[in-house]
Amino acid sequence: MKLLKQNVYYYFWITAIVLIALSIYWLNFEDAVLDINVHDTYFVIHHAHILQLIAFLYILLGFIYWFFKRINIKLIKALTQLHTSISILIFPLYIICSYLLELLYPPSNFTLFDDTQNFQLLITVITLIGLLAQLLFIFNIVVSIIRYFTHKN
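1 is the number of the first residue of the sequence shown in my numbering; add one for each residue after it.
It is worth saying that the hints were derived from the structure and are not from the lab.
Fair warning: there could be bad hints in the mix.
[Unchecked claim] Derived DSS-like pairs (lysine-lysine); straight-line CA-CA distance at most 27 Å: (1) Lys-152 - Lys-74; (2) Lys-152 - Lys-77; (3) Lys-152 - Lys-69.
Computed from a prediction, not measured in an experiment: that's the story for all the values here.
Whole structure, please, built from the sequences with the hints as guidance.
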(Lines of atoms letter the chains of each structure in order from A and count residues from 1; the text may use other names and numbers.)
(Lines give C-alpha, C1' and ligand atoms only; values in the text may rest on other atoms or scores of the structure.)
Protein backbone atom coordinates (compact mmCIF):
# COMPACT_ATOMS: atom_id res chain seq x y z
CA MET A 1 0.00 0.00 0.00
CA LYS A 2 2.94 2.30 0.61
CA LEU A 3 3.93 2.02 -3.05
CA LEU A 4 0.46 3.09 -4.18
CA LYS A 5 0.63 6.20 -2.00
CA GLN A 6 4.05 7.32 -3.15
CA ASN A 7 4.76 6.12 -6.67
CA VAL A 8 1.46 5.94 -8.53
CA TYR A 9 3.12 7.12 -11.73
CA TYR A 10 4.98 3.81 -12.00
CA TYR A 11 1.66 1.99 -12.32
CA PHE A 12 0.62 4.22 -15.22
CA TRP A 13 3.97 3.86 -16.97
CA ILE A 14 4.00 0.06 -16.59
CA THR A 15 0.42 -0.12 -17.86
CA ALA A 16 1.41 2.03 -20.84
CA ILE A 17 4.25 -0.36 -21.67
CA VAL A 18 1.85 -3.33 -21.49
CA LEU A 19 -0.64 -1.50 -23.74
CA ILE A 20 2.08 -0.72 -26.29
CA ALA A 21 3.11 -4.38 -26.30
CA LEU A 22 -0.53 -5.41 -26.83
CA SER A 23 -0.90 -2.89 -29.64
CA ILE A 24 2.16 -4.34 -31.40
CA TYR A 25 0.65 -7.81 -31.02
CA TRP A 26 -2.75 -6.69 -32.35
CA LEU A 27 -1.20 -5.10 -35.44
CA ASN A 28 -0.92 -8.64 -36.81
CA PHE A 29 -4.70 -9.08 -36.87
CA GLU A 30 -6.51 -7.26 -39.64
CA ASP A 31 -9.95 -7.95 -38.23
CA ALA A 32 -9.21 -6.56 -34.75
CA VAL A 33 -11.22 -3.42 -35.30
CA LEU A 34 -13.90 -1.47 -33.51
CA ASP A 35 -16.81 -0.44 -35.70
CA ILE A 36 -18.76 2.59 -34.57
CA ASN A 37 -21.95 3.38 -36.44
CA VAL A 38 -23.15 6.97 -36.22
CA HIS A 39 -26.24 7.45 -38.38
CA ASP A 40 -25.04 6.60 -41.92
CA THR A 41 -21.33 6.74 -41.18
CA TYR A 42 -19.13 3.91 -39.96
CA PHE A 43 -15.95 4.69 -38.08
CA VAL A 44 -13.55 1.77 -38.17
CA ILE A 45 -10.70 2.00 -35.69
CA HIS A 46 -8.04 -0.65 -35.27
CA HIS A 47 -7.61 -1.88 -31.68
CA ALA A 48 -3.87 -1.27 -31.91
CA HIS A 49 -4.43 2.42 -32.61
CA ILE A 50 -6.82 2.74 -29.70
CA LEU A 51 -4.28 1.09 -27.39
CA GLN A 52 -1.50 3.38 -28.62
CA LEU A 53 -3.62 6.45 -27.89
CA ILE A 54 -4.52 5.19 -24.43
CA ALA A 55 -0.88 4.28 -23.73
CA PHE A 56 0.11 7.85 -24.61
CA LEU A 57 -2.54 9.17 -22.24
CA TYR A 58 -1.28 6.88 -19.47
CA ILE A 59 2.27 8.11 -20.00
CA LEU A 60 0.92 11.66 -19.70
CA LEU A 61 -1.02 10.82 -16.52
CA GLY A 62 2.09 9.21 -15.02
CA PHE A 63 4.09 12.31 -15.90
CA ILE A 64 1.50 14.56 -14.22
CA TYR A 65 1.59 12.44 -11.04
CA TRP A 66 5.39 12.48 -11.14
CA PHE A 67 5.41 16.26 -11.62
CA PHE A 68 3.11 16.84 -8.67
CA LYS A 69 5.29 14.65 -6.46
CA ARG A 70 8.38 16.51 -7.68
CA ILE A 71 6.98 19.96 -6.79
CA ASN A 72 5.58 18.66 -3.47
CA ILE A 73 1.90 19.28 -4.06
CA LYS A 74 0.04 16.62 -2.08
CA LEU A 75 -2.90 15.08 -3.91
CA ILE A 76 -5.93 13.67 -2.12
CA LYS A 77 -4.96 10.06 -1.40
CA ALA A 78 -8.42 8.54 -1.71
CA LEU A 79 -9.08 10.16 -5.08
CA THR A 80 -5.62 9.20 -6.30
CA GLN A 81 -6.16 5.56 -5.31
CA LEU A 82 -9.65 5.49 -6.82
CA HIS A 83 -8.48 7.07 -10.08
CA THR A 84 -5.50 4.72 -10.35
CA SER A 85 -7.54 1.61 -9.57
CA ILE A 86 -10.31 2.38 -12.04
CA SER A 87 -7.96 3.52 -14.79
CA ILE A 88 -5.73 0.48 -14.62
CA LEU A 89 -8.37 -2.19 -13.96
CA ILE A 90 -10.69 -1.04 -16.73
CA PHE A 91 -8.74 -2.86 -19.46
CA PRO A 92 -8.76 -6.33 -17.88
CA LEU A 93 -12.47 -5.77 -17.19
CA TYR A 94 -13.04 -4.90 -20.85
CA ILE A 95 -11.12 -7.96 -22.08
CA ILE A 96 -12.87 -10.36 -19.68
CA CYS A 97 -16.34 -9.00 -20.43
CA SER A 98 -15.81 -9.02 -24.19
CA TYR A 99 -14.59 -12.62 -23.99
CA LEU A 100 -17.67 -13.60 -21.97
CA LEU A 101 -19.97 -11.82 -24.41
CA GLU A 102 -18.40 -13.69 -27.33
CA LEU A 103 -19.06 -16.95 -25.48
CA LEU A 104 -22.67 -16.02 -24.72
CA TYR A 105 -23.41 -14.47 -28.12
CA PRO A 106 -21.37 -16.21 -30.82
CA PRO A 107 -21.30 -14.59 -34.27
CA SER A 108 -24.45 -15.29 -36.23
CA ASN A 109 -24.50 -16.93 -39.66
CA PHE A 110 -27.34 -14.62 -40.60
CA THR A 111 -25.45 -11.49 -41.63
CA LEU A 112 -28.46 -9.18 -41.70
CA PHE A 113 -29.10 -9.69 -38.00
CA ASP A 114 -27.00 -7.38 -35.85
CA ASP A 115 -26.46 -8.94 -32.42
CA THR A 116 -23.77 -6.52 -31.21
CA GLN A 117 -26.01 -4.33 -29.06
CA ASN A 118 -24.81 -5.97 -25.83
CA PHE A 119 -21.19 -5.49 -26.82
CA GLN A 120 -21.79 -1.85 -27.75
CA LEU A 121 -23.55 -1.29 -24.42
CA LEU A 122 -20.57 -2.83 -22.63
CA ILE A 123 -18.15 -0.54 -24.46
CA THR A 124 -20.31 2.46 -23.61
CA VAL A 125 -20.54 1.61 -19.91
CA ILE A 126 -16.80 0.90 -19.59
CA THR A 127 -15.98 4.11 -21.47
CA LEU A 128 -18.24 6.15 -19.18
CA ILE A 129 -16.64 4.62 -16.07
CA GLY A 130 -13.20 5.44 -17.48
CA LEU A 131 -14.23 9.02 -18.25
CA LEU A 132 -15.66 9.46 -14.75
CA ALA A 133 -12.32 8.29 -13.35
CA GLN A 134 -10.56 10.95 -15.41
CA LEU A 135 -12.96 13.58 -14.06
CA LEU A 136 -11.93 12.44 -10.56
CA PHE A 137 -8.31 13.03 -11.61
CA ILE A 138 -9.06 16.57 -12.81
CA PHE A 139 -11.03 17.29 -9.63
CA ASN A 140 -8.12 15.96 -7.53
CA ILE A 141 -5.63 18.16 -9.38
CA VAL A 142 -7.74 21.32 -9.09
CA VAL A 143 -8.57 20.85 -5.40
CA SER A 144 -4.96 20.03 -4.55
CA ILE A 145 -3.62 23.10 -6.35
CA ILE A 146 -6.16 25.35 -4.64
CA ARG A 147 -5.37 23.80 -1.27
CA TYR A 148 -1.62 24.16 -1.86
CA PHE A 149 -1.78 27.86 -2.71
CA THR A 150 -4.30 28.77 0.02
CA HIS A 151 -2.27 27.04 2.74
CA LYS A 152 0.99 28.47 1.42
CA ASN A 153 -0.12 32.07 1.98
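Results for each hint:
{"no.": "1", "hint": "Lys-152 - Lys-74", "verdict": "holds, 12 Å"}
{"no.": "2", "hint": "Lys-152 - Lys-77", "verdict": "holds, 20 Å"}
{"no.": "3", "hint": "Lys-152 - Lys-69", "verdict": "holds, 16 Å"}
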